[in-house]
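Going line by line, the protein sequences match chains A and B.
Going by the working numbering, the first residue of the first sequence is number 1, and it counts up by one from there.
Going by the working numbering, the first residue of the second sequence is number 1, and it counts up by one from there.
It is worth saying that the hints were derived from the structure and are not from the lab.
One or more hints might be untrue.
Unchecked claim - One-sided excerpt, in silico: chain B residues whose CB lies under 10 Å from chain A:
no., residue
1, Pro28
2, Val32
3, His34
4, Leu38
5, Leu40
6, Trp41
7, Val43
8, His79
9, Gly93
10, Phe94
11, Leu95
12, Trp147
To be verified - Simulated DEER-style distance windows between Cβ atoms:
no., chain 1, residue 1, chain 2, residue 2, range
13, B, Arg61, A, Trp169, 23 to 31 Å
14, B, Arg21, A, Arg375, 18 to 26 Å
15, B, Val144, A, His127, 44 to 52 Å
16, A, Arg82, B, Leu119, 55 to 63 Å
Said to hold, decoys possible - Computed footprint of chain A on chain B; a stretch qualifies when at least three of its residues, placed anywhere within it, have a C-beta under 8 Å from a C-beta of chain A:
no., stretch
17, 7 to 16
18, 84 to 91
Yeah, the Cβ is synthetic: ideal placement off N, Cα and C, and Gly gets one too.
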Amino acid sequence: MTSARARGVAIAGALVAAWVATVWLLSGTSVPSDLALPKVDVHAVFGADLVARAERYRRFLYVDWVLAEAALLVTLGVYARRGARLALESVAGPIGTGMLLGMVGLGLAWVVRLPFSMAALWWERRHGLSSRGYVDVLVDGWLGLAGTFVALSLALLVLMALARRLGSWWWLPGSLVLAAVAAALVLAQPYLTPGLEPVGRPRVERAYERFRSAQGVGDVPLRVQRVSGDTSLANAYAFGLGPSRRVVLWDTLLDGRFTGREVDVVLAHELGHHSSGHLPKSIGWFALFALPGAFVLMLATRSRGGMGEPAAIPLALLVVAVLQLAAAPAQNLVSRRMEAEADWKALRTTRDPVAARGLFRELAATSLGDPSPPRWSQLLFGTHPTLADRVAMADAWEARRDDPR
Amino acid sequence: MEGRTAHPIVLRLDGDLGRPRLVVAFRPLLVVPHLCWLGLWTVPAAVAVVAAWAAALATGRVPGPLHRFLASFVRETAHVSAFLHLVGRPYPGFLGREGSYPVDLTIARPTGQLRLGVLARILLALPALLLAATFAIVALVAAVLGWFAALATARMPGGLRDLGAAALRYEAQTAGYLLLLTARYPDASPRLEPPIRDDG
């Protein structure tokens, strides 16, 4: 073995070891490893009628999604073969031309998926889950493309410049730069999200302060987002990093369909994300996925001269779309573990499994969520544990209520 | 003082009216990175124009490096505007280099300027700015009509292209006047080739 090859093998070995060690570090959870979830009779808990309606509702969305993905991959496949010709339409130099090819590809992807988005919207409106107009969605989607184009152009600027400078080694610093950009976006997102208002409900605010103190979370403001004009779905989320951390409730959670105790569970769940450091961990996971992803991208685009060449960009879009699809099960697994930990923290904080069960039943009813979806759909779409598993966790917590863990 | 022949800021056009549909369809969004870039460029350009103003007041002339920097800024703006309004075909670059785009601005080298004109430049430019705003609306209307036509035929109608080009030329000359690239007032003639005037 030559010394250069030995050095390469050593670097690769060190990278793999660091990757595995980071996976192990990030996988830690406060959910007891010996926690066994009891079997839940979904028909008894959620009602047979709701389960049947939810299954019907979701089935349409699954088919819609499969068709949309197929159309997207076919379109990007054709674009990967023919898109490079568009380079003749640019005098912006290699990187600027790469940006043009990337933006046109993403624009095409948006157009191809549009009928399927509209079909999903029609289905949601038909079930009373959305009141957004078709034109609104079209215009918002079009305007949203502008932000996507800027983000894509920035990413291509960095990656193509690195590729032109470092050759086939660009993927190593490139993935780290992408992770840094992701961290900056997570930090900035709360400042860029319009329409976040104080809750203005003393009971909710008092409960929030109590849970914040119990979980040892610092100064994280609670905000409400007005979405009731567009949807009847209920949701909440935690976002931001360090000083920008926030917990946000959709106003649909506070419209009387959920009891005060159920809202308490939501508050404690979202605070659980912050107290468990899920946002920084998500950035770590992003970096872990980006590293092999960028490596595969480097290998795939070599036949087109590498990522530094504009002709490689249409192919790169296809590779990224395939990688995203392939990585979805692993990403969803990570997300489900985090959500399960936030559920566990909510149970420990509120000590109210009855309210937790009520919340999950109400979420199923208001969002037509399938309590026990098919395994494949949970693999592909399941960012949260199934509602049946969440109820089971409440049962499991109750069974070991006096256990201090 | 500048010689009173052709206007020192000239818009040059190529004859290509072909516009591939894919690049037409997303055109308003494709320039967003350029607009962000121009937004960033505006900061040093503002500093440069203040420095150019002070230098021109003191010496009666804009220093060469400042003139070149501001000329690149105006040229880049014109390239992006030409692409956005379907006056130009290809996707423009980011540096505003002369000769880098088929719809290009030729900006003459700096010459002496009357100090009084420099001192009162913003006030003097106000009528031109008003007219430039009107031209901007004209260019927008031509671009919207041309967008539909180009989507349907993959070709920009020549009349609409020329109308847009005339508007862009006036806007560029106004910017050049305001940013002290020239002491010559913008030429409001709709003709694309500015009239050659004799000092005689």
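Hint-by-hint comparison with the structure:
1. Pro28: 8 Å, holds
2. Val32: The hint holds - B/Val32 has a Cβ within 10 Å of chain A, the shortest such distance being about 5 Å.
3. His34: With a closest approach of 9 Å, the B/His34 hint holds.
4. Leu38: 13 Å, violated
5. Leu40: 12 Å, violated
6. Trp41: At 15 Å from the nearest chain A Cβ, B/Trp41 fails the 10 Å test, so the hint is violated.
7. Val43: 18 Å, violated
8. His79: With Cβ-Cβ at 9 Å, under 10 Å, it holds.
9. Gly93: 5 Å, holds
10. Phe94: 6 Å, holds
11. Leu95: 9 Å, holds
12. Trp147: Not OK, violated: B/Trp147 not within 10 Å of chain A, min 14 Å.
13. B/Arg61 - A/Trp169: 23 to 31 Å: At 50 Å between Cβs, range violated.
14. B/Arg21 - A/Arg375: 18 to 26 Å: 43 Å, violated
15. B/Val144 - A/His127: 44 to 52 Å: For B/Val144 and A/His127 the Cβ distance comes to about 38 Å; the hint is violated.
16. A/Arg82 - B/Leu119: 55 to 63 Å: 58 Å Cβ-Cβ, so the 55 to 63 Å window holds.
17. 7 to 16: Violated - the stretch 7 to 16 of chain B has 0 residues with a Cβ nearer than 8 Å to chain A, which falls short of three.
18. 84 to 91: holds (count 3)
In terms of the numbered hints stated before, the structure departs from hints 4, 5, 6, 7, 12, 13, 14, 15, 17, listed from lowest to highest.
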